[in-house]
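Asker: The primary structure of each chain is shown beneath.
Protein chains: 2
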Amino acid sequence: MAISKLVIVGGVAGGATAAARARRLDEKLEIVVLERGPYVSFANCGLPYHISGEIAEREELLLQTPESLKDRYNLDVRVFSEVIEIDRGNHEIVIKELETGRVYREKYDKLILAPGAAPARPPIAGIESEKIFTLRSVPDMDKIKAAVDAGAKKAVVVGGGFIGLEMVENLKRCGLEVDLVEMLDQVMPPLDREMATALHNELAGNNVTLHLKDAVESFADSSDKFTVTLKSGKTLEADLVIMAIGVKPEDELARNANLETGERGGILVDEHMATSDPDIYAVGDAVVVKSVVTGTDILVPMAGPANRQGRIAADNILGRNSVYRGTQGTGIVHLFNLTAGITGANEKQLIQSHLDYDKVYLHADHHVKYYPGAEKLAIKLCFSKADGRILGAQVTGVTGVDKRIDVFATAIQSGMTVYDLEELELAYAPQYGAAKDPANMAGFVAANSLRGDVKVFHANELPVDGSLIDIRDDDEFAEGTIPGARFITLPQLRSRLNEIPKEQTVHVFCQVGMRGYVAARILSQLGYEVRNLSGGYLTYKAFNP
Amino acid sequence: MAISKLVIVGGVAGGATAAARARRLDEKLEIVVLERGPYVSFANCGLPYHISGEIAEREELLLQTPESLKDRYNLDVRVFSEVIEIDRGNHEIVIKELETGRVYREKYDKLILAPGAAPARPPIAGIESEKIFTLRSVPDMDKIKAAVDAGAKKAVVVGGGFIGLEMVENLKRCGLEVDLVEMLDQVMPPLDREMATALHNELAGNNVTLHLKDAVESFADSSDKFTVTLKSGKTLEADLVIMAIGVKPEDELARNANLETGERGGILVDEHMATSDPDIYAVGDAVVVKSVVTGTDILVPMAGPANRQGRIAADNILGRNSVYRGTQGTGIVHLFNLTAGITGANEKQLIQSHLDYDKVYLHADHHVKYYPGAEKLAIKLCFSKADGRILGAQVTGVTGVDKRIDVFATAIQSGMTVYDLEELELAYAPQYGAAKDPANMAGFVAANSLRGDVKVFHANELPVDGSLIDIRDDDEFAEGTIPGARFITLPQLRSRLNEIPKEQTVHVFCQVGMRGYVAARILSQLGYEVRNLSGGYLTYKAFNP
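Going down the list, the protein sequences come from chains A and B.
Numbering-wise, the numbering used here comes out as the position in the first sequence, counting from 1, plus 180.
Numbering-wise, the numbering used here comes out as the position in the second sequence, counting from 1, plus 180.
Possibly wrong hints are sitting among the right ones.
[Claimed, not checked] The calculated lysine-lysine pairs, modelled on DSSO-like cross-linking and capped at a C-alpha distance of 27 angstroms, are:
| # | chain 1 | residue 1 | chain 2 | residue 2 |
| --- | --- | --- | --- | --- |
| 1 | A | LYS549 | B | LYS323 |
| 2 | A | LYS405 | A | LYS393 |
| 3 | A | LYS635 | B | LYS323 |
| 4 | A | LYS250 | B | LYS325 |
| 5 | B | LYS325 | B | LYS208 |
| 6 | B | LYS549 | A | LYS323 |
| 7 | A | LYS565 | A | LYS549 |
| 8 | B | LYS208 | A | LYS325 |
| 9 | B | LYS311 | B | LYS287 |
| 10 | A | LYS208 | B | LYS682 |
| 11 | B | LYS208 | B | LYS311 |
| 12 | B | LYS311 | A | LYS352 |
| 13 | A | LYS549 | B | LYS250 |
| 14 | A | LYS549 | B | LYS682 |
| 15 | A | LYS393 | A | LYS334 |
| 16 | A | LYS185 | A | LYS334 |
| 17 | B | LYS352 | B | LYS411 |
These are calculated hints, taken from the structure and not from any lab test.
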């Protein structure tokens, strides 16, 4: 059945993409975009950076206007227009004009829901204070910026996820004192805890006070000061508070229309992005997606997937069979001088999914060490024990993180194994990488473990039987070692074998795991049962900060 | 048959890797590494950068010494040791000690040849001058550095490939005047000519005089000046000349031993890196490899493949079935403020291979435009017409080039199609990319073309029938357009259809190809036969500098 009218609820990432795609596929279709806020297609991910002036011009964030979308795509875009009801029987929606209060109905042949997700605002005592902000929209940003520009000196950021960390960075850039409160024992929950250590160190190094395993008990706004009381009993004074404890899918409209929703919220869709009503599609932060890696239902409020889903929904509505492959959970965050990224499943998710995984850690220079400016990357790679398929990767470092995440993301998308990583032919000149790129190295380390060439142990399972040997150099040993370790450098190893008893499993470690691998190969071929500490002393320090 | 002695000829990239790998696999194997030069395992790719002092310490380039390799890997490394004969019948090689002149024989069970490739030095009149240098080894580097440090003012670099361009950059960094002479009509032959335009512009912008389609006729070294005469008749004065016109595989030892070699030189090996003698393997710049994309025999003197081949040769010698998958031809070069990279086949190779390919061009910001510092990437993507398999990618730009090359390289390795590129979930935050990354965009543009959603035309096949329409904005048009184009902006298009005759094919173009795609979709749905200029005006300028 040919359709003549498409209505889209929400005009930012997924909604705007769906509208543009629909127009490119059908020049004659009537397309109406209803946006509750004052702006469509704005640069959501840029909001924190205008607050600090890093993005100087506010206009830069307003990518399109209703007029520009009319010009290019002949779209009927209506801002300040909230959809308050879906009348599925009549194929109509009910719209409230927020500026005038007028309520009216609009027909649709097909409907796309792209309402996004709303920042959580828990019912804490004092939460209604005007000094407490969330950040989702341009007006939210304007309010925070006004508070900062008015001379705020101290801020408390609640929540250490993407938005929380970005706000910390930008508030510090404005010169504020910043406390960061996070309920978990780590920031950036998409990372595993040991991989978040680098972020904790970066926060400390930039004078951000981090309160882990803590939460807000109450806010108190008195005449002369505003106080945040934490569950631990600590009290923090603040001129402003950013609540960034996560987002909730805006699924109320869908639920009220009896569309199927997920157990933990979110609109359920099939692989074509259709909801339980075949004339209604949904995309973006409000929908439940399948994890590419674990196959489980997840909520991933990210711009990339939202854009892809918008395109796919429009495709299917206009007669193309276009399939959404699921979401990998690729994400990246910039924090002062550090970058942390992830793609695929983290170890926490793999444990929950009961997948038979294994993992390795490594540390590799982002480009050859001999070229000026080399910086260490810390990499954690999770992979299937059965066949080596890559399940997830986490990378932290000063530079070159995004590149390796993108290589791993591409590898996961194509179902590559750790053996494939070994064979990747990546771009190498001294400025960019190494003949054996860190992505190759991750493959080598993982494949060595999978093939049984070296057995590894991890820093959270240290032996206590005196079998730990530090095989690093004198100067490394002098700067600290793992308690209880004996010290036999790698060059000495072959000549000091008599000091190593064969009765017990030998546990060797070096700085990053490379020399430990060599030592383990020597010892295992000489009849020892031996294990190498994955990621070496640096990973030990990440587990034991 | 267990082997007890492995001899390796050549101790740099492939040879050193093979030796280390062999030791890790077999602690008891006798491993002898014979290196003609004074150094093993040095940082070949770093040599140009020490000449300018960008890499300040010469020692940084000497990654390993015979002593360090003895310590860690228990290798018997002999420098200044040239292998002058292989006695296959007796499983012996003949070695000449270059410092003493002593000649002796050494037994082997298995032999690995890793002799590398030598810079070409054609028999041009005057070529024997001491002012003419090639760059392959540390002593070569030392000589060039000495000439520069002695006060050289003017240099002529002959050959615009990787080494030539890197030398141009580093000699300019030293303050020299530099002329670059290249026989072809472009530098960086691995790129297609239009993609090399950015390099030509970068050379011009950095006051390097580029002589394309020219070559050296003769050198003349008189008492007061050294002159380079070109075939065009131009004469250039110089204090030093770098010959960087390419390398030749060092296959003489192999040929003298009647091992099979390729038509254009190079040692022939199977997928296990074994030569025609099952007890002799060969790796690195001296061997002929198969192109992953075209399947043809190629010579690719790059460090990454050499390292992989070294590992694979050692694996097979020590009983593991390890297969070399072929070479993609991934390469990258840094030139002043520009980076140019390639992976897979270029268009020239695809034409030669008679593959049924198609191509698209695009220009995309390396990260979102609204975040400070966005720089345009120029991308050329070649893919199979039949199924969309990615065959090759070329990227130039100021930053973010290496990342996209690595994503494309990974995609090619895994056999991905342009449709897969559309679905990649890459790392996005404003500092790193976009919700639709340039790699996704390349997929969209190519898939749009393959699906027939938009027909493209290329800047080397411009229509001359008056059917060209510039749909850009006023300010873009004012800065120049394609001769003969009419001017109808995209926002005006729908209201000025009466000006566009339906009888002839309409050819639209915009700045980079995006708006042209929208215009083409509008027109084609309204019954026009229409084509969009791939890559838009920017690609037109690359074809017509």
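Asker: Kindly indicate which numbered hints from before are broken by the structure, ordering the numbers from low to high.
Answerer: Those not satisfied are hints 3, 4, 5, 7, 8, 9, 11, 12, 14, 16.
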